[in-house]
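Chemist: One-letter residues, chain by chain:
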Amino acid sequence: AQTVTQSQPEMSVQEAETVTLSCTYDTSENNYYLFWYKQPPSRQMILVIRQEAYKQQNATENRFSVNFQKAAKSFSLKISDSQLGDTAMYFCAFMKLNNNAGNMLTFGGGTRLMVKP
Amino acid sequence: DAGVTQSPTHLIKTRGQQVTLRCSPISGHKSVSWYQQVLGQGPQFIFQYYEKEERGRGNFPDRFSARQFPNYSSELNVNALLLGDSALYLCASSLATGVAGQPQHFGDGTRLSIL
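Residue numbers (our numbering), protein chains in the order written: chain A, 837 to 953; chain B, 518 to 632.
Only chain A is shown next, with the shape it has when bound in the complex (with noise of 0.2 angstroms):
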């Protein structure tokens, strides 16, 4: 079984700086994929970025990036330039790449992110 981890229950930003929020995960499968979801007080689960685990490239998206360390397990997402918006619940997720099973999430406990003004 996977488990994901979230150290950080709570942390805060001041608007336009950088926050980086951790997440490390146990599994003995080496194929995999990786995610970190949003959920703001609307309680919808946003997705903000996605990490296929044979890329060694770290996933971008806009102001958003993540940092995979495969060998540690430890899967990061930094915020640049944050926002009010930005606001929420952030929870890092593990996908099995397994064609006979399903595509379901294990999700990590989550960090609730606070951006001051």
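Be careful, since some hints might not be right.
[Unchecked claim] Result set (SDA-like, lysine to any residue): computed pairs, CA atoms no more than 25 angstroms apart in a straight line:
no.	chain 1	residue 1	chain 2	residue 2
1	A	K932	B	R574
2	A	K932	B	R572
3	A	K891	B	H622
4	A	K932	B	I543
5	A	K914	B	G618
6	A	K906	A	Y890
7	A	K914	B	G557
8	A	K909	B	P620
9	B	K547	A	I882
10	B	K530	A	R879
11	B	K547	A	Y868
12	A	K952	B	L556
13	A	K914	B	H622
14	A	K909	B	K547
15	A	K906	B	Q619
16	A	K909	A	T854
17	A	K932	B	K530
18	A	K932	B	G575
19	A	K952	B	Q558
20	A	K932	B	H546
21	A	K932	B	Q619
22	B	K530	A	S878
23	B	K547	A	Q880
24	A	K906	A	T860
25	A	K906	B	P620
26	B	K547	A	N867
27	A	K891	B	P620
28	A	K932	B	R584
29	B	K569	A	L933
30	A	K932	A	L883
[Stated by the list, open to error] Here are some, though not all, of the chain B residues that point toward chain A, as calculated from beta-carbon distances under 8 angstroms:
no.	residue
31	G573
32	S611
33	Q619
34	P620
35	Q621
36	F623
Source of the hints: derived by calculation from the structure; they are not laboratory data.
Quick reminder that beta carbons are idealized off the backbone N, C-alpha and C, glycines included.
We have chain A; now place chain B onto it with these hints.
Modeler: Only chain B this time, still in chain A's reference frame:
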């Protein structure tokens, strides 16, 4: 295009009752998954359906059941409700299952409160 839609948005039940939650996936998506999110925690996987067949089941008791219809919509049923079933129930859809890295797209959830 409409996103994943769930109904109802909020539901209040008492212990021992039964509840049915509904989900319509994004148009063209054939896979639907259900997650339970207890307050302050990350979502926990309950079920996944693809082409009307169960493709995955999480560690939940038999009181939880689900099904998928020919139009790919889905229902989650919970019998003999317990106080611990109070949670946000999230539905997610994706194009397919077993296809590499298909991201899941979530609905706004149904908030279930058990009195």
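Chemist: Hint by hint, note whether the structure agrees.
Modeler: To see whether the hints hold, each was checked on the structure:
1. A:K932 x B:R574: Status holds; Cα separation ~14 angstroms.
2. A:K932 x B:R572: holds, 13 angstroms
3. A:K891 x B:H622: Holds, at roughly 23 angstroms.
4. A:K932 x B:I543: Between K932 of chain A and I543 of chain B the Cα gap is close to 23 angstroms, so the pair holds against 25 angstroms.
5. A:K914 x B:G618: Roughly 21 angstroms between the alpha carbons, so the hint for K914 of chain A and G618 of chain B holds.
6. A:K906 x A:Y890: Between K906 of chain A and Y890 of chain A the Cα gap is close to 9 angstroms, so the pair holds against 25 angstroms.
7. A:K914 x B:G557: Holds. K914 of chain A to G557 of chain B sits at ~22 angstroms (cutoff 25 angstroms).
8. A:K909 x B:P620: Roughly 20 angstroms between the alpha carbons, so the hint for K909 of chain A and P620 of chain B holds.
9. B:K547 x A:I882: holds, 19 angstroms
10. B:K530 x A:R879: holds, 21 angstroms
11. B:K547 x A:Y868: holds, 21 angstroms
12. A:K952 x B:L556: holds, 24 angstroms
13. A:K914 x B:H622: holds, 22 angstroms
14. A:K909 x B:K547: Given that 25 angstroms is the threshold and the Cα spacing comes to 31 angstroms, the pair is violated.
15. A:K906 x B:Q619: holds, 20 angstroms
16. A:K909 x A:T854: Since the Cα atoms of K909 of chain A and T854 of chain A sit roughly 23 angstroms apart, the hinted pair holds (cutoff 25 angstroms).
17. A:K932 x B:K530: violated, 35 angstroms
18. A:K932 x B:G575: The hint holds at about 14 angstroms.
19. A:K952 x B:Q558: holds, 23 angstroms
20. A:K932 x B:H546: With Cα atoms ~20 angstroms apart, K932 of chain A and H546 of chain B stay inside 25 angstroms; holds.
21. A:K932 x B:Q619: Given that 25 angstroms is the threshold and the Cα spacing comes to 11 angstroms, the pair holds.
22. B:K530 x A:S878: holds, 22 angstroms
23. B:K547 x A:Q880: holds, 20 angstroms
24. A:K906 x A:T860: holds, 10 angstroms
25. A:K906 x B:P620: Answer holds: K906 of chain A to P620 of chain B is near 20 angstroms, not above 25 angstroms.
26. B:K547 x A:N867: holds, 24 angstroms
27. A:K891 x B:P620: holds, 17 angstroms
28. A:K932 x B:R584: holds, 23 angstroms
29. B:K569 x A:L933: OK: K569 of chain B and L933 of chain A at ~21 angstroms, within 25 angstroms.
30. A:K932 x A:L883: With Cα atoms ~17 angstroms apart, K932 of chain A and L883 of chain A stay inside 25 angstroms; holds.
31. G573: Holds: closest Cβ of chain A sits about 4 angstroms from G573 of chain B, inside 8 angstroms.
32. S611: holds, 6 angstroms
33. Q619: holds, 5 angstroms
34. P620: holds, 5 angstroms
35. Q621: holds, 6 angstroms
36. F623: holds, 4 angstroms
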